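*Asks:* In case you want the letters, here they are:
Protein chains: 2
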Amino acid sequence: MKTPPELLSFLREKGDFFIATHINPEGDALGSALALSMALETLGKKTIVYDRDGVPELYRFLPGQEKIIDTSQGIQTSGLNLLLLDCNTPARAGIEGLRFKSSAVIDHHETESEFGDIRWIEPKAAATGLMIFNLVRELGVELSREIAVNLYTAIAIDTGTFRFGNTTAEVLRAAADLAEAGAQPGYVANNLYETWSEKRFRLLIMALSTLEIKDAVAFTFVTREMFHSTGAGPEDTENFSSLPRTMKDIGISAFFREVDSDEWKISLRSRGTMNVASIASFFGGGGHKNAAGYKIKATLEEAKKALLARLAQ
Amino acid sequence: MKTPPELLSFLREKGDFFIATHINPEGDALGSALALSMALETLGKKTIVYDRDGVPELYRFLPGQEKIIDTSQGIQTSGLNLLLLDCNTPARAGIEGLRFKSSAVIDHHETESEFGDIRWIEPKAAATGLMIFNLVRELGVELSREIAVNLYTAIAIDTGTFRFGNTTAEVLRAAADLAEAGAQPGYVANNLYETWSEKRFRLLIMALSTLEIKDAVAFTFVTREMFHSTGAGPEDTENFSSLPRTMKDIGISAFFREVDSDEWKISLRSRGTMNVASIASFFGGGGHKNAAGYKIKATLEEAKKALLARLAQ
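Here the protein sequences come in this chain order: A and B.
Take 1 as the starting number for the first sequence in my numbering and just add one per residue.
Take 1 as the starting number for the second sequence in my numbering and just add one per residue.
None of these hints come from the bench; they were simulated from the model.
Quick caveat: nothing in here was measured; it's all calculated off a predicted structure.
A couple of the hints might just be wrong.
Same chains, same label: a pair holds when it works inside one copy or across any pair of copies.
As the list claims (entries may be wrong) - In silico DSSO-like links for lysine-lysine, alpha-carbon gap of 27 angstroms or less: (1) Lys305 to Lys199; (2) Lys67 to Lys289; (3) Lys248 to Lys67.
Bound-form chain A, shown alone (with noise of 0.2 angstroms):
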């Protein structure tokens, strides 16, 4: 994986910088942007980094990730130079309002339109974060402690640490230099899955004991009630829809969130050469081959139905 020559010349020759990744941010994402905006600062650029919806609980263990922002107010973005991380269009960074100077994409989603003045996408990387490790090496700015713990925890995430199919000897190997360079595998393992509140715990029985399983996919859901009566909130739902792959019959986990009244949040996973990306953007959403998402306006039965009819074609 190469960085594309117009992109390093682009992150050289620019002296500010508005780093903005996905809402309902995730590891990739936070850790993509942080590491990028460090490296940028060691070269002596000025970086803002911005998610519109903060920085989970979850990831407040990733260095520098105190200075993330979640608003753009009093900023005048027509000065900065917009990079654009871990997703394709300023829509799914909530920040289709605002106006750059320029703007660059790195992303290994597949893209959904053709934004940005510079792109870079990879769609067979496993993480943004393996694409960003390799434009730190070719910026020539060395891992530092905080850089390899934000580029390891990308990987990780994406990777589940390292059981995904994406996981790769190139996945295996960055890893191994970011270990090198100070990420401690087992600290930031500890931090990603040992750290659940009691509420997300009892949160996810309750999601647990909504399994039923159908045509080889396996169904569970978290109603608003369940929200209230646990004290978890949505963010906590994070890999929940990753649990009932465990069971070998299953070949698609589909975990659905209520957002409102009749109104739902799908999470797919799969394995294998099963492709949830396709069922997901049928009905308008997006995602990974074995990792993808939705919402839908229906009742639950109706939702579980439209999903399963779509599986039958």
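Dock chain B against chain A, hints included.
*Replies:* For chain B alone, kept in the frame of chain A given last:
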């Protein structure tokens, strides 16, 4: 990590090997034994791979596992050279009654005896598989896909697939080389973590639903009635005790399995410096610092109280 020269000479000079590993084997024991056997056979040696307890179903995906024998009957071991892997006493392998021409020990556990003509003990190595990885290279044997899958599995199991504190840059670099040689990380992880039966998963949900938290101890249990209603068995509860450790405020996870009327088997899991081996040993059981167990004849409530009382001391 360097293989001792005398071990390399031993392996190069001798022709017939009896490779044995510990009773109740897991991925590091089996993967290391199979990989070493394959490497030696590539060099034209004869090998027998022995494990007293055979190969658990979980590990039937390991290449070459069908060659592992669980009896030494009819084998003239006195003409063979023993290679004892992932343990360091014949008793741990259940072969204390057998005689060999000579013996070598390769292990990453703290030593329990001085057994072995040649001893290579690396308590700091994350896995015996990591030692074998180095050994195979130093023998000049190319990593075949079969060797790679076995060694990758060995290393994955003993590092929680790169989540435990023993995951170093060296571990990740070895994993990268093994992936390059064809180990397929996603395939191995799928076999290790995503092959549960539905009844096992339903039993887990039932067990989690019994969650009770007191004094930073997470209690969960499974009754004989739950086994009956799900169709799952006692072996399906392996690792059930680990899940509640996901919660950050939990010091100990205590999982109770009903073995008979008012008789319970308790699995304790802790993290960090919290030592559960001493608690288990108080109740007549045993184990390691972070994973131990014991049996008790009492009602569930009495058993929970007894544990809390002991912890309070």
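*Asks:* Hint by hint, say whether it matches the structure.
*Replies:* Now the hints, each set against the structure:
1. Lys305 to Lys199: between (30 angstroms within a copy, 24 angstroms between copies)
2. Lys67 to Lys289: neither (33 angstroms within a copy, 37 angstroms between copies)
3. Lys248 to Lys67: Close across copies (25 angstroms), not inside one copy (43 angstroms); limit 27 angstroms.
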